[in-house]
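Use the sequences and the hints to build the structure in full.
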Amino acid sequence: NPDNIKPVIEFYYAFDHKDEGKIASIFADTVRLRIPTVRDEIMVVNNQINQKLTANRNMYGETSNDILSAVSLHDLQRNEDWVMIITYNKWVNKDGKRDSVLYSDSWRLTKGKIDFLMSFYKLPTEEFVGKNDAAK
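In this note's numbering, the protein residues as written are 7 to 142.
Everything labelled a hint here was simulated from the structure, so no lab data went into it. Just to be clear, a hint being listed does not mean it is correct.
Said to hold, decoys possible - Straight-line Cα separation of at most 30 Å, DSS-like style, residue types lysine-lysine; simulated pairs: (1) LYS58 - LYS12; (2) LYS12 - LYS119; (3) LYS24 - LYS119; (4) LYS119 - LYS28; (5) LYS128 - LYS12; (6) LYS58 - LYS117; (7) LYS117 - LYS24.
As the list claims (entries may be wrong) - Here are the computed distance ranges between Cβ atoms for each label pair: (8) ASP101 - LEU79: 36 to 44 Å; (9) ASP101 - PHE134: 22 to 30 Å; (10) LEU129 - GLU68: 13 to 21 Å; (11) ILE92 - TYR66: 14 to 22 Å; (12) ASP139 - LEU82: 32 to 40 Å; (13) GLN57 - VAL77: 26 to 34 Å; (14) GLY67 - ASN138: 18 to 26 Å; (15) GLN57 - GLN83: 34 to 42 Å; (16) ASN138 - ILE15: 12 to 20 Å; (17) HIS23 - GLU47: 22 to 30 Å; (18) ASP139 - GLU16: 19 to 27 Å.
Small disclaimer: the values here were computed from a predicted structure and weren't measured. We put the beta carbon where it would ideally sit given N, CA and C, even for glycine.
Following this line, the structure appears as structure tokens:
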């Protein structure tokens, strides 16, 4: 169902634009996160998701997530809906230093709400950055 892509795109947009009011409405009551820099799985209840994501977002000046691909999938065996996204994430640190990374994010949705994220990242090549980041 291509409509499953919408809440995931809305999350990236809300994160980049510091739209705290939107974020909690996108997530289920409990969210499991497997993110690249943390070995253990993180469990976050919905009433804490704004606080945790806002704290993370406030570490940066500007951020942008350029969506390179987005695909909605349905796992027939487990009856699960997934959205696979590749995003070029760029940010400016508080000290003005720019950086970027490519993320491959797998989002699971249950009843239209995000309840799981598995994320992997790769540092972009200089050639990729040259073609995709005019500010560098």
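Outcome of the hint check:
Taking the CA atoms of LYS58 and LYS12, the gap is about 22 Å. The hint holds against a cut of 30 Å. Under the criterion of a C-alpha separation no larger than 30 Å, the hint pairing LYS12 with LYS119 is consistent with the structure, at around 10 Å. Annotation: proposed proximity of LYS24 to LYS119 holds, straight-line Cα distance about 19 Å (limit 30 Å). Our distance criterion of 30 Å between C-alpha atoms is met by LYS119 and LYS28, whose separation comes to about 12 Å.
Only pairs whose Cα atoms come within 30 Å are accepted, and LYS128 paired with LYS12 is accepted, the gap being roughly 24 Å. In summary, the hint linking LYS58 to LYS117 is supported, as the alpha carbons are separated by about 23 Å, within the 30 Å threshold. Between the alpha carbons of LYS117 and LYS24 the distance comes to roughly 25 Å, so the proposed pair stays at or under 30 Å and holds. Between ASP101 and LEU79 the beta carbon distance is about 40 Å. The supplied range of 36 to 44 Å therefore holds.
Here the CB-CB span from ASP101 to PHE134 is close to 24 Å, well matched to the stated 22 to 30 Å. Roughly 19 Å separates the CB atoms of LEU129 and GLU68, a value that falls within the hinted 13 to 21 Å. Look at ILE92 against TYR66: about 20 Å separates their beta carbons, and that is inside 14 to 22 Å. One distance hint, 32 to 40 Å for the beta-carbon pair ASP139 and LEU82, holds here, with the actual separation near 39 Å.
Range check, GLN57 to VAL77: about 31 Å between beta-carbon atoms, so the 26 to 34 Å window is met. The beta-carbon spacing between GLY67 and ASN138, approximately 20 Å, falls within the hinted interval of 18 to 26 Å. The supplied range of 34 to 42 Å is met by GLN57 and GLN83, whose beta-carbon atoms lie about 36 Å from each other. Look at ASN138 against ILE15: about 18 Å separates their beta carbons, and that is inside 12 to 20 Å.
For the pair HIS23 and GLU47, the supplied restraint of 22 to 30 Å holds, since their beta-carbon distance comes to about 28 Å. Range check, ASP139 to GLU16: Cβ separation about 24 Å, and the 19 to 27 Å hint holds.
Every hint, counting from the list given before, is met by this structure.
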